[in-house]
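With these hints in hand, go ahead and build the complete structure from the sequences.
In order, the protein sequences belong to chains U and Z.
Okay, so the first sequence: first residue is 1 according to the working numbering, each after it adds one.
Okay, so the second sequence: first residue is 412 according to the working numbering, each after it adds one.
These aren't lab readings, by the way, just hints derived from the structure by calculation.
Note that the Cβ used here is the ideal one computed from N, Cα and C, for glycine as well.
Careful: at least some of the hints might be erroneous.
[Claimed, not checked] With the C-beta cut set under 7 Å, the calculated list includes, among others, these residues of chain Z facing chain U: (1) Val-481; (2) Asp-525; (3) Val-532; (4) Ala-550; (5) Leu-559; (6) Asp-692; (7) Ile-697.
[Claimed, not checked] Which chain U residues stay away from chain Z? Per the calculated CB distances, all over 12 Å, these: (8) Ala-56; (9) Arg-91; (10) Arg-93; (11) Glu-100; (12) Asp-114; (13) Arg-118; (14) Asp-159; (15) Gln-162; (16) Glu-164; (17) Ala-179; (18) Ala-228; (19) Ser-251; (20) Tyr-326; (21) Asp-329; (22) Met-402; (23) Ala-406.
Number of protein chains: 2
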Amino acid sequence: MSARHEERAEAAVSQEALRMRPNPIRALSKLLASPEVISFAGGVPSPATFPNERLAEIAARLLRDEGARVLQYGTTRGVPDLATRVVERMRRRAVAWPDEANVLVTSGSQQALDLVARVLVDPGDVVFVELPSYVGGLASLYAAGAELVGVRLTDEGPDATQLEESVARARGEGRRVRAIYTIPTFQNPSGITASGASRERLLDVAARYDLTIIEDDPYGEVYFSDDARPPSPIAALSGAADRVVYLGSFSKILCPGLRVGWVAAREDLTRRFELAKEAADLCSSILDQSVVASALAEGLVDARLPEIRSFYAERCAAMLAALAAYAPDGVTWTRPTGGLFVWVDLPEHVDARECLDAAVAAGVAYVPGAPFFVDGSGRNSLRLAFSKEDPVRIATGIRTLMPIVAGRERT
Amino acid sequence: MSARHEERAEAAVSQEALRMRPNPIRALSKLLASPEVISFAGGVPSPATFPNERLAEIAARLLRDEGARVLQYGTTRGVPDLATRVVERMRRRAVAWPDEANVLVTSGSQQALDLVARVLVDPGDVVFVELPSYVGGLASLYAAGAELVGVRLTDEGPDATQLEESVARARGEGRRVRAIYTIPTFQNPSGITASGASRERLLDVAARYDLTIIEDDPYGEVYFSDDARPPSPIAALSGAADRVVYLGSFSKILCPGLRVGWVAAREDLTRRFELAKEAADLCSSILDQSVVASALAEGLVDARLPEIRSFYAERCAAMLAALAAYAPDGVTWTRPTGGLFVWVDLPEHVDARECLDAAVAAGVAYVPGAPFFVDGSGRNSLRLAFSKEDPVRIATGIRTLMPIVAGRERT
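Here it is as structure tokens:
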């Protein structure tokens with residue numbers, strides 16, 4: 001394409017389109033798809049946890065017996081039986097306020113993020129995000145025109161004191177502060193879980209400064225043992241019903257290829273999200289929704305949860321043991337009790353992006369930390385997903401990786 | 412909700428969210444779901460055309476044999492085999508320029524509309540639309556902030572002379588003119604098909620004024636006989652490759668509950684659409700895409716097309732015959748040769764919205780015409796979908812309906 005054509009092409013797209021940036025994780029995941037590489041990169045659930053056979057039976061039965069419904073357009077709100085089961089599921093986690101009127105089924109929780117961003121954010125509005133945070137969430141907020149301001153994530157959760165200071169500063173600059181986007185449980189990318197006290201403090205700050213809390217909770221049920229049960233969602237706290245927009249997903253407890261997530265919020269907001277979805281895609285796949293609803297009705301999801309928890313617990317334990325065995329001084333990491341991710345901080349002078357080529361050449365892949373930070377920091381950090389590889393390969397991969405990212409040659 | 416709470420709720424949503432309007436057709440369709448009513452309202456394909464059994468076999472086989480792929484995340488671009496078959500399909504309709512690099516698979520063509528609107532339109536940009544036009548397309552454009560300007564639709568296609576005048580006027584007002592949204596073949600809602608000459612003239616005007624043509628073509632393969640084959644898409648004309656964004660769908664030739672459509676465009680735009688989709692939902696249902704790809708590979712779609720064409724041809728013929736028999740003087744209608752819709756113009760003084768209650772009370776439903784017009788006109792018109800009812804009920808429904816909407820009592 002000529003330079004002139006390129007310029008015209010650029011001029012033909014909207015300001016919003018120019019704010020859209022490729023998701024660096026997904027770009028990287030494609031690059032690293034080689035089966036020889038031990039991959040800690042793609043943060044996707046293991047296919048070993050998918051109940052292929054049972055879902056095949058359910059899908060075939062639905063298509064045979066209810067084809068006229070399952071193959072037809074459906075309501076934008078979602079398949080009603082699925083919404084009912086979503087409400088039950090939230091109640092079991094102590095989120096008591098939503099009923100069906102508060103729920104919109106979405107095409108994965110990524111669509112929920114997108115709809116929430118479009119409905120809540122005007123260009124220039126400030127949205128606070130954790131340092132680090134999920135790049136897909138950042139992409140949706142960014143595309144809606146949000147000004148993203150980072151809040152430090154401690155081992156206990158986001159730093160509420162810093163949040164308050166940032167709110168005051170943004171208001172002082174005449175900015176409209178709108179929301180905080182948080183993944184309090186087994187966070188992607190850090191693996192950190194916010195404490196109960198941190199959750200209460202965040203809700204308190206949000207209430208005092210009229211911020212909406214966008215609580216993204218795809219991993220909350222993937223805890224490794226009963227002792228590792230996380231605190232209830234922020235949405236379960238007193239006063240949360242008017243303040244929290246809660247996002248859930250079946251991607252990690254059933255499978256992500258069936259694109260089924262949801263958002264639960266105040267009725268007036270839910271109606272707005274529904275309108276946004278109507279323009280976005282009319283309705284989510286009726287087959288996907290119906291298969292998930294049937295899987296829930298048959299108890300398939302609950303029956304498999306213990307196995308899924310053990311599956312990831314075993315892999316996380318292997319990774320933590322390997323890190324303890326092979327990580328040199330100056331390298332620190334998180335100790336998740338659920339989810340799919342461990343976060344590693346490297347010595348200050350190491351650039352994880354620069355180490356990646358050598359790591360891949362040695363047969364190990366990971367995601368460098370910088371793209372998860374909206375403030376330009378995080379170069380000396382990386383994300384390790386323990387979901388894809390088995391324990392033996394995890395140990396091998398960590399043993400190979402550590403010397404490459406330890407930065408010894410420069411100390 | 413108190414008035415004060417309502418006000419706060421309103422203040423909490425973005426300007427974009429305030430531009431989102433409920434789709435009047437879908438709102439109405441819900442209202443008219445009663446099985447006793449003869450419905451010409453919902454413009455949805457008939458479940459009688461869905462190959463339930465074959466799709467059940469395909470879905471079960473895919474989930475059993477390829478569960479690790481079909482239940483996992485996929486690329487944003489779409490399942491590769493599906494993109495290849497989409498390219499083949501466009502080539503058979505003389506749209507020769509797209510290859511896989513020009514194709515993005517979407518969650519139905521509604522999502523394609525939404526992504527195209529978000530990428531091409533900045534708030535205040537002028538987009539020209541047909542009078543009448545598809546409300547779902549209008550909703551996506553409106554949500555992206557477009558200023559929608561109507562262009563009269565004649566029996567031959569959109570009025571190019573009026574379009575040129577409107578472009579000049581908008582430019583004179585300092586507006587940026589961006590695109591024209593057109594459904595040239597078996598249009599929803601009018602049933603009109605633009606002539607070959609009209610298509611060429613539209614492309615010529617678009618080229619001279621640097622407008623993008625958004626060509627929405629969900630009905631192009633649903634012609635009633637070989638004699639009724641429509642002209643090739645605008646995208647097939649010489650010079651269209653840089654100018655036309657082409658939207659296709661499997662909703663009417665297979666089923667809409669599997670949410671599978673596509674957009675084909677210049678490579679640079681397709682990459683933008685892909686970025687927008689990544690933030691919107693990461694990827695479309697992998698199961699839906701894979702089922703459609705297999706259905707195409709097995710020849711299921713092509714094998715069923717003759718039956719689908721006869722199905723709708725028979726129903727359209729019944730409706731046109733009933734209109735000829737029962738429509739009073741002053742009522743005129745279109746004579747579609749494909750698609751799902753007939754358009755009816757009533758005497759000037761009749762308001763089709765006001766007649767609807769009486770019609771439903773008498774057991775017949777339709778969609779009033781006004782919501783399809785962006786210029787406030789169309790009150791004395793209505794859309795009839797002949798896709799849902801059988802020929803006998805179509806005749807009964809038209810016989811019942813005509814006296815109600817003829818407006819005789821006021822002449």
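Subject >> U:Arg-118 and chain Z, when compared Cβ to Cβ, separated by more than 12 Å >> reply: Not fine: 6 Å to the nearest Cβ puts U:Arg-118 too close to chain Z.
Subject >> Assertion that U:Asp-159 lies outside the chain Z interface [Cβ separation over 12 Å] >> reply: Given a closest Cβ separation of 25 Å, the condition holds.
Original post:
Is it the case that U:Ala-406 keeps its Cβ farther than 12 Å from each residue Cβ in chain Z?
Top reply: The claim stands: U:Ala-406 keeps its Cβ more than 12 Å from every Cβ of chain Z (closest is about 32 Å).
Subject >> Non-interface label on U:Glu-100, tested against every C-beta of chain Z at 12 Å >> reply: holds, 15 Å
Original post:
Looking at U:Arg-91 again, its CB stays over 12 Å from all of chain Z?
Top reply: holds, 23 Å
Original post:
Holds or violated: is the Cβ of U:Ser-251 farther than 12 Å from all Cβ atoms of chain Z?
Top reply: The claim breaks: U:Ser-251 does not keep its Cβ more than 12 Å from every Cβ of chain Z (closest is about 8 Å).
Original post:
In terms of Cβ atoms, is chain Z entirely out of 12 Å range of U:Ala-179?
Top reply: It is violated; U:Ala-179 is separated from chain Z by about 10 Å at its closest Cβ, not greater than 12 Å.
**OP:** Taking the shortest Cβ-to-Cβ distance between U:Gln-162 and chain Z, state whether it exceeds 12 Å.
**Re:** holds, 24 Å
Original post:
Hey, does U:Asp-329 actually stay past 12 Å from chain Z on C-beta?
Top reply: Non-interface label stands for U:Asp-329: nearest chain Z Cβ at 37 Å, farther than 12 Å.
**OP:** Grab the minimum C-beta distance from Z:Ala-550 to chain U and call the hint holds if it beats 7 Å, violated otherwise.
**Re:** Given a least distance of 4 Å, the restraint on Z:Ala-550 holds.
Original post:
Taking 12 Å as the cut and beta carbons as the points, is U:Glu-164 off the interface with chain Z?
Top reply: holds, 20 Å
**OP:** Quick one: work out the minimum CB distance from U:Met-402 to chain Z and report holds if it exceeds 12 Å, violated otherwise.
**Re:** The claim stands: U:Met-402 keeps its Cβ more than 12 Å from every Cβ of chain Z (closest is about 28 Å).
This entry does not satisfy hints 5, 8, 12, 13, 17 and 19, going by the numbered hints stated previously.
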